[in-house]
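Undergrad: Taken in order, these protein sequences are the chains called B and G. To convert, note that position 108 of the first sequence is 108 in full-length UniProt numbering; the numbers rise steadily by one, no gaps. To convert, note that position 131 of the second sequence is 131 in full-length UniProt numbering; the numbers rise steadily by one, no gaps.
What the hints contain is simulated information worked out from the structure, not anything from laboratory work. This structure is a prediction, so every number in the text was calculated from the model and none was measured.
The list treats identical chains as one, so a pair stands whether inside a single copy or across any two.
With a cut-off of at most 27 Å between alpha-carbon atoms, the simulated DSS-like pairs for lysine-lysine come out as follows: (1) K93 / K111; (2) K70 / K111; (3) K70 / K100.
There are 2 protein chains.
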Amino acid sequence: MYEVEVKVPADLEAVRARLEELDATPVDDVAQEDTYYDAPHRSFPETDEALRIRTERAETGADEVRLTYKGPLVDDASKTREEVETAVASGEKIDTVLTKLGFEPAATVRKDRERFALEEYTITLDSVEDVGEYVEVETEVDDEADLESAREGAYDVLERLGRDPDEQVRTSYLGLLLADDA
Amino acid sequence: MYEVEVKVPADLEAVRARLEELDATPVDDVAQEDTYYDAPHRSFPETDEALRIRTERAETGADEVRLTYKGPLVDDASKTREEVETAVASGEKIDTVLTKLGFEPAATVRKDRERFALEEYTITLDSVEDVGEYVEVETEVDDEADLESAREGAYDVLERLGRDPDEQVRTSYLGLLLADDA
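Sequences are here, hints too, so could you generate the full structure?
TA: Below you can see the structure in the form of C-alpha cells.
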C-alpha cells in the first residue's frame, strides 16, 4: 500500500467554507499531542527513524495513547516508511519506561486536527501550535503505478479548496517546529 | 509500600489439598508468558534492570499484554525495586517496536499460575516450564517496621501448607531458567 500526502499552508477558515460548498463529510475533530524521543544509543535524525508517543483526545474526552516507531524510508520514490504502532493504556507510564531506558523527550508537537472525507481523499485541517495552519490531502493506492494519478488528484482537490499545490511543504511538523526553534 | 515474598519448591498437588483443608479462596488461574529483553546500550544483568513483555491468558481466553520496566534494588533490606508497567494492545507490535530499537529477546519464562487468598496472604502455585513447581506466599505492608512480622507470617503460612520455609529460593524464575541452560 502506498500513501500520497500533500500539505500546504492555509487559512483554515477559508478552507472550511470551501469544504462545505463541496459537500465534504466531516469525519472527526481531535487534539493530538506528539512527543518524539531521542535514543541513548543512536541518532534518530541520522538513522531517519522516529519514536513517538501520541496522545489523542476526541470531543468525547477519552484519551487514546499510541506508541509508534517509524523506520527510515524504504522507497524513496513513494516516500514509504515502515511504521509500527500499538495502543498503550497509560501515556505517563510508557513515558516513564522510555525515560528509564535512557530515551529522552526531544520535542512535542501539539495540534488540533479536523478531518473530512471527499471522494477517495481525506482532508485534514491542522492548527499546529508554534508552527501554523496547514491543510493536508491524502489517499492510499495499492499499486505503485497508480501513485502519479493519485498525486494529480490530490493537487486537484487542493485547487478546488482554493489552495496552490506549488506551495507544498515536505517538512514534517516536527521539522518545522525544530526549524522554528533554531 | 513493601512487599514480602517467599518462594519454595513444592509438589503442587499436595499444596492444593492443604489449601482446600485451610479453606483458602481460589482467585484465578492464568497462563503467563514473560519475554525478557537485552538492551543495545546497557547490560541489564550488570545494571540490575529488566524489561519484560508479559502475555497473560486467563481461562476466559482473552490475552492481556503488559510492558514492564524493573529498576535496580532501591532498598536492599526490603528488596524493593521500582516497577513501571502499562498495558499494551498488541504484544506482537510492542515486540517489533523494541526489536527495531535494538532490544533483543533474551529469554522467555512460561508458567501456569494459580492464585489463592488466605487471610492477608496471596498464595501462588506456579508450574514453570523447564524450571519446576513452586509455591509463593506474599503480602504487602505499608510500614517498613511491619516487614519482619509479615515475613514471619508468610513462613507460618508455608508451614501450614506443609512446606519448609528454610527451602526458600531467592532466585527469580528467569535466573533459574538461565542457570538451568548454563
